[in-house]
Amino acid sequence: MSQPTPNPFRATPSFSRTFESGVFWVLRSTAYIILLCGGFVFSDIVIKGSTTVFRPEFPFVNTTFLTEAPESLYVFEHEGVKREMGDREFRAFRESERLKAEAAGRTAPEIKATSYVYSAGGIFPCIVGTVLLVVGSMSIALCLGVASAIFLNEYARQGTFIRLVRLTILNLAGVPSIVFGLFGMGLFVIFLDWNVSLLAGWFTLALMVLPVVITASEESLKAVPQGFREASLALGATKWQTIRKAVLPFALPGILTSSILGIARVAGETAPIMFTAAFVVRDKLPWEDLERASDFFFQGVMALPYHIYVVSSKIPQNEYTERVQYGTAFVFLLIVALIATTSIVLRARLRRRYRW
Amino acid sequence: MPSPLLPSSLGSAEGRNPPVVRRPVIEIADLDFHYGTSQALHDISLSIAEKEVTAFIGPSGCGKSTLLRCLNRMNDLIDGARISRGAIRIRGVDIHQRDVEVMELRKRVGMVFQKSNPFPKSIYENVVYGLRLQGVRDKTRLDEAVETSLRGAALWDEVKDRLHASGLSLSGGQQQRLCIARTIAIEPEVILMDEPCSALDPIATAKVEELIHQLKLRYTIVIVTHNMQQAARCSDRTAFFYLGKLIEFAPTKDIFMTPSNPQTEAYVSGRFG
Ligand SMILES: Nc1ncnc2c1ncn2[C@@H]1O[C@H](COP(=O)(O)OP(=O)(O)O)[C@@H](O)[C@H]1O
Ligand SMILES: [Mg+2]
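Chains as they are written, first to last, in this note's numbering: chain H, 35 to 390; chain G, 37 to 309.
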């Protein structure tokens with residue numbers, strides 16, 4: 035029997051091998067740490083928030099929280115039991131106690147209650163406000179953004195000036211949102227005299243996401259094969275006909291993808307709306323008591339991120355406000371996820387229709 | 037002497053003389069063309085006869101596509117591309133005149149591209165694209181146009197049961213014929229084809245060549261090809277280009293059998309290119 039030949043590929047410990055696996059583990063653990071942080075934040079909000087939003091008994095959802103406006107919470111002791119009541123409920127309770135006492139011929143004992151603002155009721159006006167802000171500002175941003183992307187990509191002669199315009203747009207994306215808020219206040223609220231209103235908030239938010247929408251729309255337009263344009267033009271189409279029928283439909287899925295990112299940003303920013311559109315509290319819903327239809331656009335609204343900001347920094351903190359904070363944050367996440375899912379489904383539909 | 041209108045005179049000319057010379061549809065006169073500062077075409081003059089197939093051959097980069105794209109002004113799309121001298125006349129009208137509407141020109145001079153480019157829409161919608169642009173809404177008219185165009189492009193039998201399937205579900209050769217159907221749906225006078233078979237397999241190529249023979253009866257065709265056998269098989273006249281210059285333009289038979297220019301001879305005999 036001959037000696038077995040030594041394996042020429044045998045692994046030998048060396049510095050570069052150790053280094054390789056070191057790099058691999060560093061990268062891997064970074065990814066895991068990020069995952070862990072994200073998971074922690076999410077589960078914290080979901081766990082604490084769901085105790086506010088969900089109920090153990092039927093109908094399993096806290097309908098008050100989802101369908102009513104914020105109220106003050108009254109906490110008091112009554113006949114040895116600690117009770118918590120919202121503003122309206124508390125007043126009705128006090129009234130009935132007084133009537134009961136009168137009927138028995140006594141004076142009603144003073145109920146000593148501690149009140150906590152915004153800790154009872156719900157966040158329905160904030161949900162409505164945020165949805166209105168997102169829908170309006172994304173519509174404006176998409177119209178303006180797609181229009182300018184079409185101009186930049188299809189019509190403009192590519193030169194120094196256009197490069198400068200692109201650079202400006204990119205830089206605009208880096209401007210802090212509070213600056214947009216101040217700009218919106220200066221231009222829309224004060225100069226154009228729209229006051230604190232939906233319209234002012236829409237335009238401020240739209241300006242904020244415009245760079246993202248323009249850049250992404252341009253990318254999507256670029257991704258449409260040149261052959262479609264040439265084929266259309268060679269069949270006698272004008273430039274606009276070509277864009278409308280042979281370019282835009284095929285760029286739309288990409289444009290929507292970008293706008294999904296925009297949605298999350300528009301829904302989540304507090305700074306741009308706090309001077310332009312958001313009210314701390316407002317009794318009426320946006321469609322109630324309108325004298326003229328145009329009044330709809332010139333009213334302020336409550337909004338989820340601003341509400342979170344108010345209940346976590348503008349009022350005294352306690353166990354009751356924490357419930358509202360987490361509940362609002364949870365609902366907020368759900369709504370953003372819902373809007374994003376809708377646009378993803380829409381995009382998938384379009385993709386299926388216009389594939390190449 | 038027999039009247040030139042009699043069919044017998046055509047018959048007697050066959051095989052020996054150049055093909056019957058018809059009225060030129062397109063006349064290119066002393067054309068210079070620039071991309072920015074680099075000149076792509078030098079002093080091109082040639083006439084394209086009605087209802088014939090004219091082939092442009094030559095090594096790649098010699099300016100065949102550039103010249104072809106001048107004929108329906110597709111070069112207008114390219115920044116800095118311009119005709120610096122000379123003129124192109126179609127039916128006697130200078131197509132670069134100020135009052136020429138380029139959309140109208142392109143309706144009369146259709147184009148089929150090297151890379152087949154059907155829209156990602158149904159076969160039906162692909163064919164009626166040009167008609168819809170012209171505002172045709174009438175369903176029966178569109179249906180008719182779809183059938184005649186697809187028959188004209190020898191595609192009807194293969195797709196008549198799935199007109200509403202995506203144009204992209206077709207094979208490469210079928211896609212190219214769909215593009216031809218789309219072009220003939222708007223009834224142009226001239227069809228320009230830029231290497232229409234370069235991405236096709238031999239069987240699909242044969243079908244398209246067969247189709248070109250039929251189309252010739254109704255349309256004037258200009259075809260760019262780098263496949264010399266294809267030029268020899270399909271065309272009536274052939275123009276040989278080299279480095280942006282027109283080297284020789286003659287009936288196809290003469291170009292391949294008795295080229296008068298040594299460069300043409302070298303190219304068609306496969307010694308360069
Ligand atoms: N869009 C363009 N911009 C600048 N130069 C071009 C452009 N298209 C073609 N050219 C140049 O013009 C010459 C002719 O090109 P082309 O007409 O495409 O040749 P062919 O079709 O015969 O292969 C080539 O040298 C090519 O590099
Ligand atoms: Mg070419």
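Take these hints with a grain of salt, some might be off.
If you only want the chain H side, here are some residues facing chain G, beta carbon under 7 Å, derived [stated by the list, open to error]: (1) G208; (2) P210; (3) L269; (4) G270; (5) Q275.
In case anyone wonders, no lab produced these hints; they're calculated from the structure. By construction, the Cβ of each residue, glycine as well, lies at the ideal position given by its N, Cα and C atoms.
Here is what the structure says about each hint:
no. : hint : in the structure
1   : G208 : violated (30 Å)
2   : P210 : violated (37 Å)
3   : L269 : holds (4 Å)
4   : G270 : holds (4 Å)
5   : Q275 : holds (6 Å)
The structure fails to meet hints 1, 2 from the earlier list, while all remaining hints are met.
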